[in-house]
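Trainee: Top to bottom, those sequences are chains Y and R. Sequential numbering of the first sequence, starting at 1, is according to the numbering used here. Sequential numbering of the second sequence, starting at 1001, is according to the numbering used here.
Hints were generated in silico from the structure; no laboratory data involved. Computed from a prediction, not measured in an experiment: that's the story for all the values here. There may be inaccurate statements among the hints.
Stated by the list, open to error - Derived list of chain R stretches under chain Y, where covered just means 3 residues or more per stretch with a C-beta under 8 Å from a C-beta of chain Y:
id	stretch
1	1184-1194
2	1239-1245
Unchecked claim - Among chain R residues calculated to face chain Y with C-beta under 10 Å, some are:
id	residue
3	G1083
4	H1158
5	F1162
6	Y1181
7	I1248
8	H1251
9	A1252
10	V1254
11	E1255
12	T1256
Just so it is clear, CB atoms sit at the ideal spot from N, CA and C, and this is done for glycine as well.
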Amino acid sequence: MSNKHQMTRAAELESLPVFRDLIDAACKHHPGIDEQIRYDLKLAVEEACTNIIAHGYADMNPGSIILTLELEPQQVVMTITDFGHPFEPSEPPAPDVAAGLDDRPTGGFGLFFIYQTMDEVGYDTTEDGNRLTLIKRLPSAEEE
Amino acid sequence: MTLRQINALPDNAKKRIYRALLPPGLLTQFSIDPITWKGPNGDPHALLKAEPETGGVNIWVRKAADSPDEFFCLQLADNAFNGIDLNFLLLNDPDSPRFRTDYDEEGNPTLFGTARRNLVEEERAMRAGLAPAQVRTSLGASRLVLQHLEAFLASLGHRAYFLEPLTYVSAWVFERRGLAYVRGHKLMDTIHTEFQPGGRLHQALDGSTPFRQPDPWRTVRGRAWAIHDGILEVIDAKWDKLRMVKQIGRHAGVETFPDAIY
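Please take these sequences and the hints and turn them into a complete structure.
Mentor: The following block contains the structure:
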């Protein structure tokens, strides 16, 4: 049985807590979603939305971000749709945390976090927007 | 499939395809045959313009062949991204009083108040309950017409259509019909915030013009008239470059004016 939630907000930093609250509220009573998974979901959405805000809607009056969550027994599917410039979050190399502060490139952790916390990351751009799909598999009942 | 491809078809084929854009019930309500687009006397009431080698279609419908203006007008166009733009949608109650807000006192077209204004007629229209850019009361058929538009575009294989809302009222209506913003969502949020007591737009409702009275911040129309009157200058913004998108079959659920009163 799928449990679907959707929220649309302006692409601005003030919308991030609202998206986090939606994830918390939607996942709270779902068996198999513990606090760590909830944290991962929120982190991935926050990083993805920050990219959309900073790059997708750069130099324009920001449009919308549509977040949908589908809670299934084995996985959580999150879809983030925007209508700005396409920005494909391809998997980055792991940041060199051993490098000195001056030698590290600015940014780069956001995409790394998304790929580290999610099991599948998909992206497509079509006539009806840019769609980032994030899938987090849930531990099965036997594993718990 | 693009509109340009449809427009290359013979006239009869074109009309058969574009007929789907006109809700039959809307036509029969005015005794117009939904197939022939003719009235009881056999006069044509609807006009289709879809020229070959163009990517646009316009449809106008009048209550009577000799009516002074149309009650329905729809303009669609292919856009540069293989999508469809809804460039114009007019739905007027042809039996309601007409306000001459579309022409100034010298008889020049106002382009819906965007190029010039007829302040006397606008004030009359506002007091009669109309929104900016309206010349008559709305027909109240936008939901039906947009449902037909969506079905039409889905049949052509399109996944979305786009539009630029002419007024704050238009944007609010299109939000309710399920559209999201390509540009301007943040502006709409800012407008709502600044119209609250203590906000800069609220403070600018100082009674300096008939369109900036203290109370109308509470309503969609009241805000729209103040915005039409240029009140956004106090927040260094303009009503332009807003663009909305409708994903076919999806409702975005945007609500930038929660619990709004029309």
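Trainee: So which of those numbered hints doesn't the model satisfy?
Mentor: Violated hints: none at all, because every hint is consistent with the structure.
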